[in-house]
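As they're listed, the protein sequences go chains H and Y.
Everything in the first sequence is counted per the numbering used here, starting at 417 for the first residue and increasing by one.
Everything in the second sequence is counted per the numbering used here, starting at 14 for the first residue and increasing by one.
Heads up, some of the hints might be wrong.
To be verified - Beta-carbon label-pair distances, calculated as ranges:
1) N579(H) to H178(Y): 57 to 63 angstroms
2) E722(H) to K70(Y): 32 to 38 angstroms
3) R20(Y) to N606(H): 33 to 39 angstroms
Think of the hints as simulated: they come from the structure by calculation, not from any bench.
Think of the CB as a built atom: it goes at the ideal place given N, C-alpha and C, for glycine as much as any other residue.
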Amino acid sequence: MKIEFHILPLLNSLNKETSVNKLVELSYKIAHQYLMFNFRRINKILKSEEITLQELALDSIATLFEYDSEKQLSQLFIAYRKWEPPVQNESDALKFLLKIVHSRVEQHISKLLRNSDPFFSKIMDWVNYAIKKNGYKKLSYLGTVYIVREDVTAISGKLITENDFNRIPLSVFSDMKNLIKNVLRYIEENLDYSPAIPLNQLIFRLKESSSSVFAVSESTTEQIEERDVESIVSSALEATFAKLSEYVTKGKISENEEIIFRKTLSDIVFDLRDGGMNKGLYKYFILKCDGLSMDVFREKYQNKLEYLVRILKANIADELRH
Amino acid sequence: MKIEELRLKDKITEKDLFDFVFFPALLSKEKFLYLENSNDFSKEIEFFTELKRSLQKEISDEERILISKKIPAYSFDVSNSTAKIIHLYPVEVPKKKVKGLILAAASENNGKSKVTSRTFYDDNKTYIIKVINYENSSKIFVFSTLDEMIKNFDIIILPQKLKYHLKDNTEPLLLDFNIDPENIVLEFNLIKHN
Numbered sequence: 417m418k419i420e421f422h423i424l425p426l427l428n429s430l431n432k433e434t435s436v437n438k439l440v441e442l443s444y445k446i447a448h449q450y451l452m453f454n455f456r457r458i459n460k461i462l463k464s465e466e467i468t469l470q471e472l473a474l475d476s477i478a479t480l481f482e483y484d485s486e487k488q489l490s491q492l493f494i495a496y497r498k499w500e501p502p503v504q505n506e507s508d509a510l511k512f513l514l515k516i517v518h519s520r521v522e523q524h525i526s527k528l529l530r531n532s533d534p535f536f537s538k539i540m541d542w543v544n545y546a547i548k549k550n551g552y553k554k555l556s557y558l559g560t561v562y563i564v565r566e567d568v569t570a571i572s573g574k575l576i577t578e579n580d581f582n583r584i585p586l587s588v589f590s591d592m593k594n595l596i597k598n599v600l601r602y603i604e605e606n607l608d609y610s611p612a613i614p615l616n617q618l619i620f621r622l623k624e625s626s627s628s629v630f631a632v633s634e635s636t637t638e639q640i641e642e643r644d645v646e647s648i649v650s651s652a653l654e655a656t657f658a659k660l661s662e663y664v665t666k667g668k669i670s671e672n673e674e675i676i677f678r679k680t681l682s683d684i685v686f687d688l689r690d691g692g693m694n695k696g697l698y699k700y701f702i703l704k705c706d707g708l709s710m711d712v713f714r715e716k717y718q719n720k721l722e723y724l725v726r727i728l729k730a731n732i733a734d735e736l737r738h
Numbered sequence: 014m015k016i017e018e019l020r021l022k023d024k025i026t027e028k029d030l031f032d033f034v035f036f037p038a039l040l041s042k043e044k045f046l047y048l049e050n051s052n053d054f055s056k057e058i059e060f061f062t063e064l065k066r067s068l069q070k071e072i073s074d075e076e077r078i079l080i081s082k083k084i085p086a087y088s089f090d091v092s093n094s095t096a097k098i099i100h101l102y103p104v105e106v107p108k109k110k111v112k113g114l115i116l117a118a119a120s121e122n123n124g125k126s127k128v129t130s131r132t133f134y135d136d137n138k139t140y141i142i143k144v145i146n147y148e149n150s151s152k153i154f155v156f157s158t159l160d161e162m163i164k165n166f167d168i169i170i171l172p173q174k175l176k177y178h179l180k181d182n183t184e185p186l187l188l189d190f191n192i193d194p195e196n197i198v199l200e201f202n203l204i205k206h207n
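Next comes chain Y alone, as it looks inside the complex (with noise of 0.2 angstroms):
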């Protein structure tokens, strides 16, 4: 048993470590049962193993990014990467203090259909949305402060939980309704102006 054991063992070729790992099927049933009951090869293993794992993972943007420095012919294209998540919240700003009594005449809304505006950061304050509620309606303007064209991103508004798609941020969203959101949520990919 002993002597058969070590003639199996000098016959393991890299390709039945290959195959032991990535077409087990491929193996014969007599080296399969060695290789998965001895230790003599777990390192190989161990290598090809790994190498399946790697195989099977994601790599990241970043390395994406590095990859297209480094080979031309691997076109990585910033626009099409995993969407980026960004959460905005309010700013609240403080109520103006209004001295003395104001007459009914002179009220800010006397005549005028009531407008109202909230602005909503990320927390790095890169983009900034501006929430108008008109009497019966509402525009959303999203602005980034970098030098980027915001494309293809998509505008949820949170708790309702509401989910708009805008091709670009030239123009502002208009809803026929008025929203009063607690924070809001952009899914987008960007493209940097040239």
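In isolation and in its complexed conformation, chain H is listed as follows (with noise of 0.2 angstroms):
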């Protein structure tokens, strides 16, 4: 099977409106199939944004092809610019394409995690501390971002699968000081694979194991903080239902449909603290308001309870600040 596309020149003709869209339709093609491979990670995020496989495969590398003001693909343009080793042929080309279009999705994915979750958040930016700080380095294979020892210069040999990760015991990821260096040692000892640690695969498996990553130092302050998830929830929960209560105050909301709101924030905080919200707004709130239809939903609650998600999800990031 040959294929029937011809990439350098396209990359070399930017400036055209036919390369442009042919670049274009190539990108969707290989973040759409990128984001079949991994359905089952990013399923959740599909649900909880409401949006189809192709939407997410276009969000997320729409900023590729987004002019600036001298009418260039800035982004693309700068990537393939100084891409090393220089692309030089067409192998080199789809090489390019390939791995700046998985490099977007997968920021994407990313983006719309710590906007959902959060905790992922809060474990995320402690994991790239703890990469730094340790002598690590994140390098990407097939999409996906691992975390290897900082002399590795291209990742080899077979990876660890979704699932042998998910079995790894959990007494692994107890010693948060030496983490990175106890999941990649058990990887290479344990297991017969290369020494990588998938990114998000981890901060799954520390959120999984609760209140561990919150008993560690704090990043920037080193202080120890000790407070576990539940407390962190319910404070961020407690300050939502207080905006909340303005609504009945000011008359925007009747005392009857305050309930159904606490019952529905209540509903998706758990969902947060337990892997990020895994539907859309409308589901959550009709759990609590049997028969409400989506009309009604959108004309009369959908707004407030958008608002009062941000607001949870923000007081969530604040008491994980403090």
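Quick one: dock chain against chain with the hints and give me the complex.
Laid out in structure tokens, this is it:
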């Protein structure tokens, strides 16, 4: 099967509309196939954001094709010009496009996970700090970001599967000061895989291990934090309920509606703590308000609930910072 | 042999897997044979194989429309989309029942040229074609029931497969003979009125 497209001439003529069109289509296909391949991982995002896989693929690559003030596709153009080693043939050109699209998709997924889940965001910050501090770095392999030792220039060999990573005993993740070292050693010595840790999966495992990450040194202050997830969540929820009560005082919602909002927010916070929101706001709301139509939800409650969820996430983020 | 295999497995990089699927000639014979005969990297090879298949697949007009909504740099002119093919079939109008006898002098054709018309609809009644046959000529009018001007389209008269191209539907197609189509096909692109 011979490939019937030529990417190098397209990259060399980014000023032509036909080239841009073709590159957008190719990038879309790359992003779409990548998301399909990782469907299990992103399914929750699709549900919580209420978007399709196609939309997620396009949202991920959109910034690559934004024009700057000089009518140039700045991001793609700069990346292409600065790519090392320089793109010289069709094989390099395809590799370049794959790398850049995959990395955009991963960045977008991380952004959505960070926005939808303050715990994910907090743990991600901590892991990034631990990577820098302890002499490791991040490299991508088939689009997925892995943590490797600093002297590794390219990942080779067989990498750990999602299932096997999820089977690593929780005890391996318990010593937060030596976390990366311990996990890499376990993968290398106990399993027949190359020493590389999938970053996002690591964060999910740390989240699963509940309060441990919040009981380690704060990345900036090095002070010990002993707060557990439960207290963080309940403080954030109480602060959000206080805002909700203002709605009742101001006559924006009835007391019965306040109860529905409270129950909905409690469900949402439960899911945030337990892996992130897994459905759209309407679906959360209707569980507490049986028979409510989508139209009425949009008209009366959607804006208020969106606002309250934003407040709730901000409150959790605040609690995590304190 | 086992040790050699293990060593080779540890040496396989993402680039090797990429080359194996996209540019096998660039891969060393040793690695190529290993990847061809081993299942160690089957999932990774499947990833690139699927990617290759996906890159070669045409995307749909619906996807193109979605892309143009999300990415302003992408220009997708609906009028350049894959030609739409619409089949239109005759509407059979019941003939008027005439009560009583009609005298020859009062008959419709008396002293006038014979003019007949037939109407064709598509299944959705979105497009209407009116065929009017005069004595030795015919006119074919094309209408859209939507607010659309039809541009750059072909009319195909079946079963004769007579094909005519029209720039738009503001004027009828004029033919210097009569036609009696069984059905008509339109192949066209649409441009919405602003």
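Practice task
Could you tell me which of the hints above the structure violates, numbers in ascending order?
Solution key: 3
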